[in-house]
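According to my numbering, the sequence shown is numbered sequentially starting from 1.
Just so you know, these hints were derived from the structure itself, not from any lab. Hints are not guaranteed to be accurate.
Cross-link-like lysine-lysine pairs, in silico, DSBU-like; alpha carbons within 30 Å at most [stated by the list, open to error]:
1. Lys66 with Lys91
2. Lys183 with Lys108
3. Lys183 with Lys154
4. Lys28 with Lys108
5. Lys151 with Lys91
6. Lys91 with Lys154
7. Lys183 with Lys163
8. Lys73 with Lys91
Listed next, with one range per pair, are the computed distances between beta-carbon atoms [what the hints assert, rightly or not]:
9. Leu29 with Asp53: 38 to 46 Å
10. Lys169 with Thr13: 29 to 37 Å
11. Ser82 with Tyr24: 32 to 40 Å
12. His46 with Lys154: 38 to 46 Å
13. Thr13 with Asp134: 32 to 40 Å
14. Leu29 with Gln203: 27 to 35 Å
15. Asp49 with Met1: 47 to 55 Å
16. Arg184 with His46: 29 to 37 Å
17. Thr157 with Arg79: 29 to 37 Å
Quantities reported herein were computed from a predicted structural model and do not represent experimental measurements. C-beta atoms are modelled at their ideal positions from N, C-alpha and C, and glycine is treated no differently.
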Amino acid sequence: MPSYETNSIALATFNDILSRYETYVPSKLLELDRFRYSTLPQALTHRPDRRLDPSEVVQLVEWKLKHGTFRPKLLNLVRGNSDEAIERTTKEAFAHLDLESEDVSVTKALAIVTRLSGVGPATGSLLLSIYRPDAIPFFSDELFRWCLWDKPGKAGTRGWQRKIDYNAKHYEMLVQEFDLLKKRLNVSALDAERVAWVLGKEQVDIDAEGQEEDVDAVDQSAGDNEDKQEEDTPTDGLKSKKRKAEISEELNELPRGATRKSSRRKLKS
Numbered sequence: 001m002p003s004y005e006t007n008s009i010a011l012a013t014f015n016d017i018l019s020r021y022e023t024y025v026p027s028k029l030l031e032l033d034r035f036r037y038s039t040l041p042q043a044l045t046h047r048p049d050r051r052l053d054p055s056e057v058v059q060l061v062e063w064k065l066k067h068g069t070f071r072p073k074l075l076n077l078v079r080g081n082s083d084e085a086i087e088r089t090t091k092e093a094f095a096h097l098d099l100e101s102e103d104v105s106v107t108k109a110l111a112i113v114t115r116l117s118g119v120g121p122a123t124g125s126l127l128l129s130i131y132r133p134d135a136i137p138f139f140s141d142e143l144f145r146w147c148l149w150d151k152p153g154k155a156g157t158r159g160w161q162r163k164i165d166y167n168a169k170h171y172e173m174l175v176q177e178f179d180l181l182k183k184r185l186n187v188s189a190l191d192a193e194r195v196a197w198v199l200g201k202e203q204v205d206i207d208a209e210g211q212e213e214d215v216d217a218v219d220q221s222a223g224d225n226e227d228k229q230e231e232d233t234p235t236d237g238l239k240s241k242k243r244k245a246e247i248s249e250e251l252n253e254l255p256r257g258a259t260r261k262s263s264r265r266k267l268k269s
């Protein structure tokens, strides 16, 4: 039986799961899906003025809501931002990502982009992932749960039933765990996100290698929690020494292997 854990999944298994992605995309979402995964990331690489247009941000949020739990209030908050604010803020965040190559300052860029109304860590990570689809993961439910499968969760939850706090601390945990997968298999954040989506849709029990879990009751509560946290957007100053210690402590509670401490990306403020 193949292993599905991020620290042991084979590249062939990863690619096989990735090939099934489109079978789980509703037909009404296909156009937005192409926009999010292909059209916009490619367009941004050829754009001299590296920023997102207001209409593009709205489309990304629409994709996110249709891909998960639809919350009209969140979309209205995003639409309430001025055109100038969206263009200036995304340009500043992307410029910050260009300051470094290997040690990408994701935390600072996230703090910048979440200044926008209705843009919390989850939506903010989506905007950043458009600019760096290879290295910056979108804070999706499925990717977070897959990457932190064996870590202790809120209220004792774990696996696909893990409850999620949509905050900068937990996003940093996701980035660190994804980095291990990326370095081992040389896969992009974009592809890892889609593999996690398939695993979530198939409700694969990662521990049992192929069994299924019942996650319906958890998904709704997770969406409600995200809604509140996306509205409470400020994330400035989150990368203190105390937070670094908290993240390292939580990640090391249930280590998967001895390689974890030495292979993390530095997240700078």
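Results of checking the hints against the structure:
Restraint check: the Cα-Cα separation between Lys66 and Lys91 comes to about 26 Å, which is no more than 30 Å; the hinted pair holds. Among the hinted pairs, Lys183 with Lys108 is consistent with the structure: their alpha-carbon atoms are about 22 Å apart, no more than 30 Å. Taking the CA atoms of Lys183 and Lys154, the gap is near 28 Å; set against the 30 Å cutoff, the hint holds. The straight-line distance between the Cα atoms of Lys28 and Lys108 is roughly 35 Å, outside the 30 Å bound, and the hint therefore fails.
For the hint linking Lys151 to Lys91, the alpha-carbon distance of about 35 Å lies beyond 30 Å, and the restraint is violated. Of the supplied pair hints, the one linking Lys91 and Lys154 is violated, its CA atoms being roughly 35 Å apart against a limit of 30 Å. The suggested pairing of Lys183 with Lys163 holds, with an alpha-carbon distance near 27 Å, which does not exceed 30 Å. At roughly 25 Å between alpha-carbon atoms, Lys73 and Lys91 fall within 30 Å of each other, so this suggested pair holds.
Range check, Leu29 to Asp53: about 21 Å between beta-carbon atoms, so the 38 to 46 Å window is missed. A C-beta distance of roughly 30 Å is found between Lys169 and Thr13, which places it inside the suggested range of 29 to 37 Å. The hinted window of 32 to 40 Å between Ser82 and Tyr24 holds, with their beta carbons roughly 36 Å apart. A beta carbon spacing of about 42 Å between His46 and Lys154 agrees with the range 38 to 46 Å that was offered as a hint.
A beta carbon spacing of about 21 Å between Thr13 and Asp134 contradicts the range 32 to 40 Å that was offered as a hint. Taking 27 to 35 Å as the suggested C-beta distance range, the pair Leu29 and Gln203 does not conform, at roughly 20 Å. For Asp49 and Met1, the hinted distance range of 47 to 55 Å is satisfied, since their beta carbons lie about 50 Å from each other. Between Arg184 and His46 the beta carbons are some 31 Å apart, a value that agrees with the proposed interval 29 to 37 Å.
For Thr157 paired with Arg79, a C-beta distance near 33 Å keeps the hint of 29 to 37 Å intact.
In summary, the numbered hints that this structure violates are 4, 5, 6, 9, 13 and 14.
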